[in-house]
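As given, the protein sequences belong to chains A and B, one line each in that order.
Following this note's numbering from start to finish, the first sequence increments by one per residue and tops out at 262.
Following this note's numbering from start to finish, the second sequence increments by one per residue and tops out at 375.
Bear in mind the hints are in silico, worked out from the structure with no lab data behind them.
It is possible that part of the hints are untrue.
[Unchecked claim] Pair ranges (Cβ atoms, derived):
1) L5(A) / R147(B): 18 to 28 Å
2) G2(A) / T139(B): 50 to 60 Å
3) P175(A) / G233(B): 28 to 38 Å
4) R152(A) / Y367(B): 18 to 28 Å
5) A297(B) / P151(A): 28 to 38 Å
6) P266(B) / L27(A): 52 to 62 Å
7) L91(B) / E49(A): 53 to 63 Å
[To be verified] Some chain B residues judged to face chain A by a derived CB distance under 8 Å, without partners named:
8) R90
9) L96
10) I100
11) L103
12) I104
13) A163
14) A280
15) I316
16) Q339
17) S340
18) Q341
19) W343
20) M347
21) S353
22) I361
Beta carbons: idealized from backbone N, C-alpha and C, even for Gly.
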Amino acid sequence: MSGRVLRWLAVGILLLLVAVPLYWIVVTSLKTGRQILMSQAIYIASPFTLENYRYLFEETRFALWLRNSAVTAVASTIVSLAIGAAGAYALTRLRFAGRRVFGALVLITYLVPPGLMFIPLYRTLIQIGYTNSLGTLILAYPTFLVPFVTWLLMGFFRSIPRELEEAALVDGATRLQTLWRIVLPLAAPGLLAAGLFCFTLSWNEFLYALIFIADDSLRTLPVGLSEFVVSDFAFWGQLMAAAALASLPVVLVYIYLHKYMVGGLTAGAVKG
Amino acid sequence: MSKILTQPAATVPRAAGPAWFRVNRVQERLLGYALIAPIALLIVALIAYPFLNAIWLSLTEKMVGYPAHFVGLKNYATLYESPRFRIVAWNSVVYTVGSISAKLVIGMVMAVALQKAVRGNQLLRGFLLLPWVIPTVVIALTWRWLLDLYRGLFNVGLHDLGIIGAGIHWLGNPDLAMLSVIMANVWRGFPFFGVSFLAAMQTVPQDLYDAASVDGASAWQQFWRVSLPSIKGVVAIVTLLSTIWTLNDFNIVYIMTRGGPGAATHIFATYSYELGIQSQRWGMAMAASMYSLPVIALLIVFVVRYLHREEPAS
């Protein structure tokens, strides 16, 4: 009995722990600048206003950053899925020398933290003269997305019976045809999970976007958001409105992702 | 599917003999190399080359506009002697150990609390995972605002509850600033620990708990003797992975404190950023990054060995 009470108590505390900061984002975004500045009605938005949201779209480059983030996230997701799926198929189904070593290499590159890679990668991008464009990010994000997708999909591909492919091969299909018509359709949940993870990781990415992009009109949402804080003063109402909107797409994506997630979590661990 | 079946069966007769087998093996190998070529290119051009280049640059003195010249281990020696860098290295350890241990404990509590099927379990789990999906930048900014000296919810709330008099200068006091960035990191990361542990616990057969229960084991003993041993592999892997990323974390610290006050919250990645991007001292920045490499490499070796063991032999 006491175990049950304790369990509910723990659940309650955890819920509160998660809910309070989220509530603080939403409630701040609905306050007027004056209400925030004067510390009036701290816990609720009274007066209630959507002015911060209007301001974001009409007076700032928020819509542009939103577009930049969407373009970058969608493009790097597509690129990474294509490259990763091809690689995962080769590594799980085809026999060639160096396969196991290469598989380990993919895993290692996935594990190298971006905090260690950003300066070397930046130097290289400068050397090849390719910084300060959305293309730079679409080139850079696959460095962490592709190893992840490959690793994740290898798990999914392994779960597809080889017999299905062998039957098709005997019937005269080529390897590429079996990949396209049998393996990929059967691995659709895996592809979906991988794609959604890629989108989320790209959408949330900050470090590379901060460093590789100098032009304000090319900023992605996270970088644009961080720029709202001017020294120690910030327009918290607008900033929290932007925070709420920046979180919305991934929260929506995640509602779909949720049922595919357990598979994704066990097939390849995700950053945390 | 039907298209495959009706295709001209030109290759089928060869399927019977060993000649087909040989040809196919060569084709298979070529196709294999073709399919991994894009990944190989990516790894070589955008990971391996930059990385080797970074190691070389860490042995040079490189300022913007001047060619790099080789100085051997001088950058490493300078950093080793530098009080600021020693603080950075120590901070990275404190930040990592502090964050990971809190994430472990809270994650475990979350898993145990949600383990027994409670109503709305899916919904609860989904909600508790939210910190892990929303952008880290949003989290860092929100925590900065929560901890605001005058108008942040923490100080106002604690004051209204009568716990504190004046506002606490969370991000201005060196010790509290470290605690603050750790809190934000823990908030972001504990759901991943919790959900992973929970997923692992749910694969433990109920029989084990029933047997333990018959033998008179308390809830605590069941956790300690049944749950924990069964999920220790997942605990190890999640801890290792999170340690790798936390040690070289950037976003939370950069946005909340920029490494300050002083260097009180500077960790490897933020300090490399300061040296490399802000001061343009590339060689020194690379050397600073490289100092964390032995630990990262060791952790990666453990993860790779563990995950490869999990892989079915093929």
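Which numbered hints fail: 1, 3, 13, 16, 17 and 18
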